[in-house]
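Below, each chain spelled out in residue letters.
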Amino acid sequence: MRPLVTPTPLTRAWLILLLLSGASALIAALVAQSFAPAALGAVILFLAWMKSRVILSWYLGLRQAPAWRAGFNWVLALYCLILLGLYLIPALGS
Amino acid sequence: MPGQGPPDTGHPLEDLPGELLIWVLIVSELLVFGAGLAAFLGVRITDPQGFADAQDHLHRTGAALNTVVLVTSGYLAARALHLRQSARRGAARWHLVLAMALGAVFLIIKGIEFIDKAAQGIGVETHPFFMFYYLLTGFHAAHVLAGIVILGLVAIWDDAHNIETGAAFWHMVDLVWVLLFPVIYLLA
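Just so you know, the protein sequences line up as chains D and U, in that order. Under this note's numbering, think of the first position of the first sequence as 1, with each following residue one higher. Under this note's numbering, think of the first position of the second sequence as 1001, with each following residue one higher.
Hint data in this document are derived by calculation from the structure and do not stem from the laboratory. Owing to the predicted nature of the structure, the values given are computational and were not obtained by experimental measurement. Wrong hints could be hidden among the right ones.
Claimed, not checked - Some, not all, of what chain U presents toward chain D, calculated at C-beta under 10 Å:
#1 Gly1018
#2 Ser1028
#3 Leu1030
#4 Leu1037
#5 Thr1046
#6 Thr1061
#7 Val1068
#8 Ala1087
#9 Val1124
#10 Glu1125
#11 Asp1174
#12 Val1178
#13 Phe1181
#14 Val1183
#15 Ala1188
We treat Cβ as the ideally placed atom computed from N, Cα and C, and that holds for glycine.
Input sequences plus hints: build the corresponding full structure.
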């Protein structure tokens, strides 16, 4: 069996996730104030994509399988773009 | 890809870390929750203001806190595998127990949120937003509960292979949440 984790990079990945989660919390406060919702939507989904990348690479060990990691990252990026498109449709129609 | 990159050493599926079946499960769950979130934003197109008003009833900071709880729990589960592979069996078990405890914290925060909504008279029929909210976050919470049980089982039968599979399930729950949280709680 191939090892999934090594301690130092794993801890770094966790800290990155905490930072990204903190950024999400900050965004949550801005959302509550209705500050530039379209731009915030893009930032929110970008942060979600970044978090999913870290989890796939370092928690789930896809850093050891670069082709699979790239595939997951591209599909999730495309999916987040679809979500962003769905989110922006009402704003485009008004 | 043929003719490119390093020499082929086997089937591409063998490059995936851990069990193939857990990856089938991860992809399946991502597809299910992914379809649910896309449907949520699709229905939102018909009533964006109603969805924004409904979302204001959610406790965004509590959900953000739950993100920290879950990614920290995932970190502990990942560390448990490393510790077990280093033959530090007791430490690995403690990490799994702590990961389970944080999973319980997640469920308590989620439970408080549900109770608060119920106290406000908000149910699945209040608005389509809340139908998706209860369906998607409730289904995810059920996965968290299942994950806690699985982590408990692999803490008992604690060979590295079992811990790897149990932790992978837990990371899948984590992965779903980091996509679910922003769409349901933040995209107003």
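Return the numbers of the hints above that this structure violates; sort them in rising order.
Violated: hints 2, 8, 9, 10.
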